[in-house]
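Q: Letter by letter, the chains look like this.
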Amino acid sequence: MTTGARPGSEVIRRVSKATALLQMFAATLLLGLAIIFVLIINRYSTLQDGIRENALWSLYQLDREVRKLHEVVHIALVEGDETSDMWQSASQRYDILYSRMSILEEGKFDRKLGGDEDTGPVLAQIHAAILSLEPIFDEINKNGRTSIEALRGVDIALDPLMQETESILVYANTAVSADRAEARNALLTLQFKSGALVLLLVASVGGLIFLLRRQLRSVRAAGLTFEHMARDLNRSYLAAEAGNRAKSRFMATMGHEIRTPLNAILGTVELMQLDKSPTKIDAGLGTISRSGAALLEILNQVLDFAKSEDGKMTIDIKPTNVSEVVHAVIEMMRDRAVENRNRLSLELPGAARLPVISCDPTRLKQVLLNLVSNAVKFTADGTVEVKVSERLQLGGSRLRFEVTDTGIGIDPEGIEKLYRPFSQVDASIGREYGGTGLGLAISKDIVERLGGTVGVTSRKGEGSTFWFELPAVAVEAHQIATAGAEERPLPSLRVLLVEDNRVNQQVAVGLLTHLGQVVDVANDGREAVCAAGARDYDVILMDMQMPGMDGIEAAEHIRALEGPRSKVPIIALTANASEEDRARCLAAGMNGFQSKPVSMQKLRELIFSLDLPDTLPVVQVVKEASAPPVESEENQKCDFDLRREEMVAALGEDGFADLVESFFVDAASITRELYHNVESPDRTSTDRLLHTLKGAAASIGLCKLADTCQQRRNVILTRDAVNELETLIDDCRRRIAA
Amino acid sequence: MTIMRLKMLAACAVAIVTLHHPASALEMPKGEVILTVTGPNLEHPNSKNVAVFDLEMLEKLAGRTGTMETPWTSGKVTFTGPLLRAVLEAAGAHGKSMKVRALNDYAADVPMEDAMTLDTMLATRMNGNTMSVRNKGPLFLIYPFDSTPSLFNEKYFSRSVWQIKQIEVSE
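As you go down the protein sequences, you meet chains A and B in turn.
Position 712 (the first sequence) corresponds to 712 in the working numbering; numbering is contiguous.
Position 95 (the second sequence) corresponds to 95 in the working numbering; numbering is contiguous.
FYI, nobody ran anything at the bench for these hints, they're computed from the structure.
We treat Cβ as the ideally placed atom computed from N, Cα and C, and that holds for glycine.
Incorrect hints may appear among the rest.
What the hints assert, rightly or not - Pair ranges (Cβ atoms, derived):
1) Gln125/A - Lys99/B: 34 to 40 Å
2) Gly95/B - Glu166/A: 19 to 25 Å
3) Asn143/A - Glu69/B: 36 to 42 Å
4) Asn143/A - Gly95/B: 22 to 28 Å
5) Ala124/A - Lys99/B: 31 to 37 Å
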């Protein structure tokens, strides 16, 4: 759940960051837009343009009025017109020109008119020229006329004035036009920039909307996840609490369960001490024996359950005769049934339809026994019927086992509790009938491990039917045949075992000796070459990795010997041979491989597989009741108990104990060296140590330890890793001691 | 507000006086004629179908005084003169627009609303003094830039004719 929540919050954080960035970006854009807006406003608000236009117009008017005055004066001079109308008209023209001049003087405009030249001095010149004419026109105003000479002077003075006003007008027009064009361009640029900013702003707002949507979605998802988590937590809390309650109840039940038979034993012993007559003693012994058996049964159940909880329950698949198992159970329960005045009946299909199936007979018996004993326990004066039938289903046939009783029955609520560990239908049941409340839970686990299903139908007060179904995989004929074929006598060979690890040596020597072989041991490649040169061997079992001279090199040396001793078959002992290793072995002249750790079965097959002359002596007696005829590779590899059984068969209890002891001594020294290697790393040495430890652990069946060592070989060694290894070794030691 | 209202009342009063005395035709100018108002069907012509005014006649009409800045003067300037609509009413001129003509024959078209809805005046005095031709006189069409700043733009600048000599009202 936590992993579900983490990406959600991660997304929210990321999106928030992006949102904040976008917000900053948008704010910057807005600021830019505001600045541009202010610039545009400024452009418009100054009215500079309008005033310039006005100035241009005023200049034009000035020019025009100069010309008009000139025209009036000139015509008057040419035509000799000296009428008062002419004087008045000339005076008015001058007045207008004068007003035009003062407008320009007073007008608020840039004298450069947006261009480079200052028109100020020229304007001042024009002004001065116009003012210089003032006395003449003042005289006209005063006297109604003036002299023709004065008028001629005006005419002459106006000529350069006209040129000046014209040139200033042309300059002003050019300057204003250029300025207008520039201003238009500047405005256009500003508008373009603001347009771009607006576009960016729109884009960022779009981005914000998108991010916001994502954020909302993530928040919603995270909320849902948290809700789920809360619900799950609540559920697991309730489950844990229920589990605790169940365990407490179990402790109480167990106390009661154990106390009853113990009381019986103690009471009986007391009685027997008081009255030592043989009849009393016989009866007492019977009671003690039964009580002891009951205690043992309880403890077995608890141990079984603990195993199944740990997932360590062993299932030993072998050909199972269902009919035999069922009959055995019925026989075992017959007495109990009679005690409760129950009739016990059995309904089996014909023997032909009840094949020998691939199953675990012990576990099957355990389950069936549990169901039948429950039925007998909860039924009085009734019938318990065991029925086995074969059901054909898609994907193969299944065997259905039904145990039907006419006992107290279970209500629907009780049915729900069935098959759960530490639970009985209700507390009163426990008090009345006893029992650990584990039986059905164990049974369910077993049936499921065997690939089957369990179920129950029941009605309160009328009885119950407990059933389970198992896949009925018929055992093929040849499997049974091979199991028998291996009983043929083994030839007795002279074997050279080349192995540097002491534990592995002990194991292999023990097993080979048990198989009637004659074994010499070489501790490394060099010794092996010497031994092979000195004596005749039927086969050499060669470990691959050894200090000094390794297996490959030793094989090459042996093949290089002179005489027939160089032809001896060499079998490589290797934990997990890669194709490359195999190629190297064959190139060195080896004849085959044997995977480690070796087992009785493997060695036996190995000896049979050698192409040997018939003249060899034959081992007469090989006791091997313990070796299971059908054994999956998995089990063979990974079961300490099986390995132990095999070892004990080969070496005896004491021999095995010695072996285990020397393993732990070796393991302790290897651990010490590993600690040393953590301080001053040495990959080669570390790898060799781990390899050795792994090999030894595998040899005595400590598979988990072996696997751990193998994993550690691929990674850098740390102090923690060595600690963990040490803890694991201690665990193994405790388990074996227990 | 009060001033505005007073002005309106004054305008109404003038209108009422004019309406109640239709017989009182426009008097003849005594001094130099400085403004001629022409138009179709003038109600009060005083000279050959036109109305002519001298300074005295104009200054007798309802008017206003405003202090303002203009693009053609430096600093704040106080203009005084009759309201344009008072002049038009005195002449009994009606129409939709008028052509305001200056001494140099510059003319601007002024819509009648400018006279009726705005306190547009024909300024006769600047800072209390009559205006000579040299100083944009004798008459200057002044929009109320002081009371209505939104008029301060080229559209009204171009209608602000100075050195006015004639107003031609047309239908």
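Q: For each hint, tell me whether it holds in the structure or not.
A: Each hint tested on the structure:
no. : hint                           : verdict
1   : Gln125/A - Lys99/B: 34 to 40 Å : 36 Å, holds
2   : Gly95/B - Glu166/A: 19 to 25 Å : 39 Å, violated
3   : Asn143/A - Glu69/B: 36 to 42 Å : 39 Å, holds
4   : Asn143/A - Gly95/B: 22 to 28 Å : 42 Å, violated
5   : Ala124/A - Lys99/B: 31 to 37 Å : 36 Å, holds
Hint compliance for this structure: hints 2, 4 are not met, and every other hint is.
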